[in-house]
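Please construct the entire structure, taking both the sequences and the accompanying hints into account.
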Amino acid sequence: SQTIHQWPATLVQPVGSPLSLECTVEGTSNPNLYWYRQAAGRGLQLLFYSVGIGQISSEVPQNLSASRPQDRQFILSSKKLLLSDSGFYLCAWSVPGINEKLFFGSGTQLSVL
Amino acid sequence: RKEVEQDPGPFNVPEGATVAFNCTYSNSASQSFFWYRQDCRKEPKLLMSVYSSGNEDGRFTAQLNRASQYISLLIRDSKLSDSATYLCVVPGRDNYGQNFVFGPGTRLSVLP
Chain W
1 SQTIHQWPAT LVQPVGSPLS LECTVEGTSN PNLYWYRQAA GRGLQLLFYS
51 VGIGQISSEV PQNLSASRPQ DRQFILSSKK LLLSDSGFYL CAWSVPGINE
101 KLFFGSGTQL SVL
Chain L
1001 RKEVEQDPGP FNVPEGATVA FNCTYSNSAS QSFFWYRQDC RKEPKLLMSV
1051 YSSGNEDGRF TAQLNRASQY ISLLIRDSKL SDSATYLCVV PGRDNYGQNF
1101 VFGPGTRLSV LP
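Protein sequences appear in the order of chains W and L.
Counting in my numbering, the first sequence runs from 1 upward without gaps.
Counting in my numbering, the second sequence runs from 1001 upward without gaps.
Honestly, the hints are just simulated from the structure, not real lab data.
Please read these numbers as outputs of a predicted model, since none were measured by experiment.
Here a beta-carbon is modelled for each residue, glycine too, at the ideal position from N, C-alpha and C.
Some, not all, of what chain L presents toward chain W, calculated at C-beta under 10 angstroms:
#1 Arg1041
#2 Ser1049
#3 Pro1091
#4 Val1101
#5 Gly1105
Here's what the structure looks like:
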């Protein structure tokens, strides 16, 4: 069966520090991978998605970046965090095709202070 | 009109009650729809998929009205464990995951 691992679960970082969140998927090949962010009390916002190694599409301008060095690995990064980067970050995967369904990792609660 | 709108809630209902949430969407081309459940500080989990007029799974029933562009979620015999936020998800063009639009969610509290 497919599983998705996301870490760390919580993170407290000072403003201006770098960020690296990692997500890996097991039990499937060539998944579509996604990074979402959820601000407190708000809906999910798609940040990045990837349909293959090295293929990243960005949905919103920001100081974050994403990389997919391996088929089942997706990394979210920042060189300098802002206060507004605080939120709940969720990695997700899907099997490409019509009527895709998203399956989420357990999320990372990021607090930028 | 926003792409996906949901009843704002919160809904506070007693155990055993029947409760229904509504979700309206603007993209008439959408073919499949989803309800996710999200507990506080947890990831959303897929609750139901809706591809035709409706779907039923135990105490949960989802109905789709394409003409009026809304989806509803009905929960019968509410349990304390049903307390959560329910997210309506509507695909955009081509029904691919990168085009999914999440509603803001409806919060449900089932009270003893």
